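Asks: Kindly produce the complete structure, drawing on both the sequences and the hints.
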Amino acid sequence: GEQVEQRPPHLSVREGDSAVITCTYTDPNSYYFFWYKQEPGASLQLLMKVFSSTEINEGQGFTVLLNKKDKRLSLNLTAAHPGDSAAYFCAERGNTRKLIFGLGTTLQVQP
Amino acid sequence: AQTIHQWPVAEIKAVGSPLSLGCTIKGKSSPNLYWYWQATGGTLQQLFYSITVGQVESVVQLNLSASRPKDDQFILSTEKLLLSHSGFYLCAWSSTGANTEVFFGKGTRLTVV
Chain G
1 GEQVEQRPPH LSVREGDSAV ITCTYTDPNS YYFFWYKQEP GASLQLLMKV
51 FSSTEINEGQ GFTVLLNKKD KRLSLNLTAA HPGDSAAYFC AERGNTRKLI
101 FGLGTTLQVQ P
Chain B
1 AQTIHQWPVA EIKAVGSPLS LGCTIKGKSS PNLYWYWQAT GGTLQQLFYS
51 ITVGQVESVV QLNLSASRPK DDQFILSTEK LLLSHSGFYL CAWSSTGANT
101 EVFFGKGTRL TVV
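In the order they appear, the protein sequences are chains G and B.
With the working numbering as the guide, the letters of the first sequence map in order to residues 1 to 111.
With the working numbering as the guide, the letters of the second sequence map in order to residues 1 to 113.
Because the hints were derived from the structure by calculation, they are not lab data.
Treat the numbers as computed from the prediction; the structure is a model and nothing was measured.
So, partial list: chain B residues that the calculated Cβ filter (under 10 Å) puts toward chain G:
| no. | residue |
| --- | --- |
| 1 | 36 |
| 2 | 44 |
| 3 | 45 |
| 4 | 49 |
| 5 | 59 |
| 6 | 88 |
| 7 | 90 |
| 8 | 92 |
| 9 | 94 |
| 10 | 100 |
| 11 | 103 |
| 12 | 105 |
| 13 | 107 |
| 14 | 109 |
The beta-carbon is built from N, C-alpha and C at its ideal position, and this holds for glycine as well.
Replies: Now the structure itself:
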């Protein structure tokens, strides 16, 4: 079945450093990708929606890159700050109603 | 604006007892509705989805059931809880179409003792 591998499971960076989280997927029919942020004890907040036709997506303080050839999706936080500390999940969906999530990355940003 | 409300916020229940969790979406007509489960420190597992009133599809069997009695309401239930049911339950909605984002409620934290 479809799988999404997310790396790393844990990431610790200093304030101002960049942080990169990567997901690789197996379904060649994946068209839609999503990044969610989950703060401790809270629900999921949508960071960005990515369509397979767009390789570079800019957000506030982060960039999402999609490499269709390698089936890789990455979230790059350019200058992390303590408020970015949270769990991050990628998710992908083909033409189904099932959203496949990665296992998540716990990011800790140290002041 | 659409709002999604889940209840209760948290529950502590005994093994073997029944459970009912609810979710209401306001401001959106005929949404797709979903139930997700998240083990502590784990990823999200889609349990059920519904595209219309009275119709629910099961994605994973966890001795749980779901119903959609109204267009804006989604219920998750079981008659007999297991310890393995503990976790964080999230209701979510999306518009129709695979390209639409999924929005999550604040969740219910369930502890089975």
